[in-house]
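Chemist: Two chains, two frames, a set of hints: combine them into the complex.
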Amino acid sequence: MTMTASPLNITVDNISVTYSNAKLALYNASCTVMPGAITALVGPNGCGKSTLFTSIMGFLQPSQGKIRVGGLPVQKAQKQQLMAYVPQSDEVDWNFPVSVFDVVMMGRYGYMNFFRTPSQKDRRIVMESLERVAMADFRNHQIGELSGGQKKRAFLARALAQAGKVILLDEPFTGVDVKTEKKIIDLLLQIRDEGHTILVSTHDLASISTFCDRTILLNKTVLATGTTEEVFTEDNLTLTFGGLPASSLRQMTSNRTHSAEVEA
Amino acid sequence: MIDLLDLVTMPWNWLVEPLQYGFLRQAIWVSAFVGLVCAVLSCYVTLKGWSLMGDAVSHAVVPGVVVSYALGIPFAIGAFAFGFGATVAIGYIKSKTRLKEDAVIGVVFTGFFAFGLVLVTKIPSNIDLFHILFGNVLGISQQDIIQTVIAGTITLAVILLRRKDLLLFCFDPNHAKAIGLNTQLMYYTLLSVLALTIVTALQTAGIILVVAMLVTPGAIAYLLTDRFDRMLMISVAASVTSCVLGTYFSYHFDISTGGSIVVLLTLFFVAAMIFAPKYGIFAQQFQQRANKKQLNEVASTH
Ligand SMILES: Nc1ncnc2c1ncn2[C@@H]1O[C@H](COP(=O)(O)OP(=O)(O)O)[C@@H](O)[C@H]1O
Ligand SMILES: [Mg+2]
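Here the protein sequences line up with chains A and B, keeping their order. Counting from 1005, one number per residue, gives the positions in the first sequence under my numbering. Counting from 243, one number per residue, gives the positions in the second sequence under my numbering.
Isolated chain B, as found in the complex (with noise of 0.2 Å):
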């Protein structure tokens, strides 16, 4: 009898001894958060394929994050002006150019993310770059906080009230243009809410790992539906649960919390690489199989 209340009570103190802890309660609700922000636009970056540019836009923050605690402002705005700044100067390039996009891309955010490193060694400042390039959602302070709720706020909101106007600029840009709509202004909405992702997510994931959030989930989706309403709401699904248990593994073992966080999203998506319903390397299989003995039937009666 003992060891089977011991099986209740055990996962049961698991969770709930963790949300005693005032830093905790937060640090979970937080990246809950940034969970779901990110889980809803990795669905349009995953369409859009731009997953390069969301990497690209998570390095070009670094010089912005620092710029900001010289002058004393916060951290979103500095990031946020880097991050969409970078957008702009690839596009400008890639137009002015015979460079292909990706290397264009490469460019211009190694020399962002160099220009970074080189103020965070020259400017007198308390920042830490370790938090900085691997997030510290558990030591999140409240300014900061604020500043992911903000910026993730924003970018839902925009996405929420545009998010057909996106979606048909990621599916059919010609379409857009032809029947009259402006996709230029949606490739800058787009941009900026990608780049106020970025700053939503830099705490709790990193500049690192927070294209993985940026990702991951959408992946995870395209493979198990292909509807988009359904689409979005496996993403976001598997992004919270995946930094909610992050980080109590983070706490419980003592381990990074965007890494436990980006490696459990990676795991959920090996499984649905396996055994997604349709598009899963097994149905695949299973698939190809059955045609193959249809085929062979055929064959025979003949």
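With the rest of the complex left out, here is chain A (with noise of 0.2 Å):
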């Protein structure tokens, strides 16, 4: 268990998906997440970001290749709390009955007992996970009544609550107005430098250079992977996103307001 102390890495080595209506999703994907940073896992909608994701977390199984996180299997990370997952909102059932307190309490389940008894620790860390992402007063509402980026914010906080080394957010920014995108870029920052290697997908190049240490391109296949800075190069960008011109890319990324939605 020592190695918990330190930030844990993730690789993913030589891994292809093939969905079962025969659709190819990623081929020979190598990379490395490097250990106590956050990664932006960039490409074009549809381009495997996801399906990179599900892999990662041992949801799908591959049908080729290995993954392990800090050394470990990805089931025996899970087993020892060490990845957490905010899905993509339209993965989730926003109109189930739970409150937000419940979603976040969700978090701590991998630490109880078999019937699930939340102790006296478990409720403290679920209010202050709820402080840390300002969702303490929503605590009672049911999921679907919340906006967009108060829906990240309630599963940040269960990410939060299982204080997982590893964390991945899946599109964390789609359907999140501009301060809200702050906060979280804020707090993401904070929970870098406790320790924790963050990996976000996303398809909106505008903010990734504002927060993220590293970047891996994505299409289908990692395509290039290094310091934001490194791989931020407009073959890089042309590459990953096809057939679009480099000038379009860079006025989408001049663009804030404006999300880039890049159709593969």
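No wet-lab data here; the hints were simulated from the structure. Among these hints, one or two may not hold up.
The calculated label-pair distances, taken between Cβ atoms and stated as ranges, are [said to hold, decoys possible]:
#, chain 1, residue 1, chain 2, residue 2, range
1, A, Glu1135, B, Val540, 49 to 59 Å
2, A, Leu1243, B, Gln529, 41 to 51 Å
3, B, Leu427, A, Gln1092, 21 to 31 Å
Quantities reported herein were computed from a predicted structural model and do not represent experimental measurements. Glycine included, each C-beta is placed from N, C-alpha and C at the ideal position.
Modeler: Laid out in structure tokens, this is it:
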């Protein structure tokens, strides 16, 4: 357990994923997510970002390849509560009859007994997590009553309550206003400094350079990895976003408020 | 004065008079118990979207009932084995073919059901097919009551002890996996209690109508609240009330017990659908109108 004291890396070794409709979503993808840094996973819609996330989390079995988290197989890492996942909004049933507090408490289930009776400590951690994302006042709201940004923060609080060393966030900025985006970014920077490894998927290029230490460019396979500065070259971006001319990308990057919806 | 007295005594007699018959007292508490078990499970079935699965399991138990009688073992054992077996078959076929789940469910449960019909007509036994299909709580035997109570008690105990995990599994199975919980086990736990509930309700509602008792109470409650514990309470209240009143109606008007229970449940559902305070048709229309009015007011001030 000494391992958990220092930040953990994620290694993705030659992953390929084919869906049941024979659709090849990822092929020969390899990359390393550096420990204690924020890494952006960038690529157009449908390029396989969510597929890579679900592979890393073990929700689907890749047809080939190997994934390690801090040197451990994914299942082992999960049993030790090392991995937290913040789902894309459209994966959640927002009509489900649970409150924000209930959802955040679910982050603690892995620490509880067989009957999932929350201890005093569990309650305290849930409240602290809610306060960190400024959602304590909304704890008794049903999750569907929240705005887009509040929904994201509620699920981020669940990841905080789980205290995973590695946090994966799938499209955390879609449907979120600029102010909330800024808040979430500040929080991610704090969490990173506490020794967490963070992987954020996005198709919005604009904000990446403001908070991501590293970037992985993806389009069906890993096209480039490195520090954000190294990776963000015109050639790389053209390669990743396909036929789009580099000039339109630059325009997109500078256009802060209009989110960069790039279709593959 | 006499009229007023009648007004009080008539419903009173209506409720009390049947209680002098042992078989009716028994039918009432058995169906209330079945209503309770079904109501609790129906909350999970509604939220997980498993009503079709419930329908499948209920039909798939038929061969199990016949085989049990032929072998002289309790019907609950055979029914559970075949009901649960059908869900395993559905899971297996779905993972091995490119078919969508509803097609697989349709193929498997009709196959099991048809096999049951073939067995009933070929294996000599004193099974009344009509009773399996439509239930017969008024004529339920002591042995069947014991089996019903055992199956129902196990179901309630499992759900009570695992309720948080099962709810998490319905809500966010990915998160359950992410925190290292065994989602496969949760899946089969939920399927087993589904099969057990159907075994519980078999004698009361019958195969054809049991799915109503597995879906409608939860659906009613889901329309009326967005808190899970309240949903459980509403579901239980609607279901037990329908079961008890339905059994009374069945006795007084000499109508099918399963039928009158489900008709009552459906009436509750329609009432909830129309009058539910937040998600009812009226409330939604009212809300829409209010929104429109607000919009107009905003527009006119500009
Ligand atoms: N469950 C699925 N079944 C079949 N195809 C899928 C499934 N999920 C995703 N895909 C396909 O795989 C590709 C990658 O999807 P995804 O990983 O969701 O991309 P992204 O998250 O980058 O938008 C897309 O072409 C998508 O249509
Ligand atoms: Mg995605």
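Chemist: Work down the list of hints and note, for each, if the structure agrees.
Modeler: Hints and how they fare:
1. A/Glu1135 / B/Val540: 49 to 59 Å: For A/Glu1135 and B/Val540 the Cβ distance comes to about 35 Å; the hint is violated.
2. A/Leu1243 / B/Gln529: 41 to 51 Å: Holds, at about 50 Å.
3. B/Leu427 / A/Gln1092: 21 to 31 Å: holds, 26 Å
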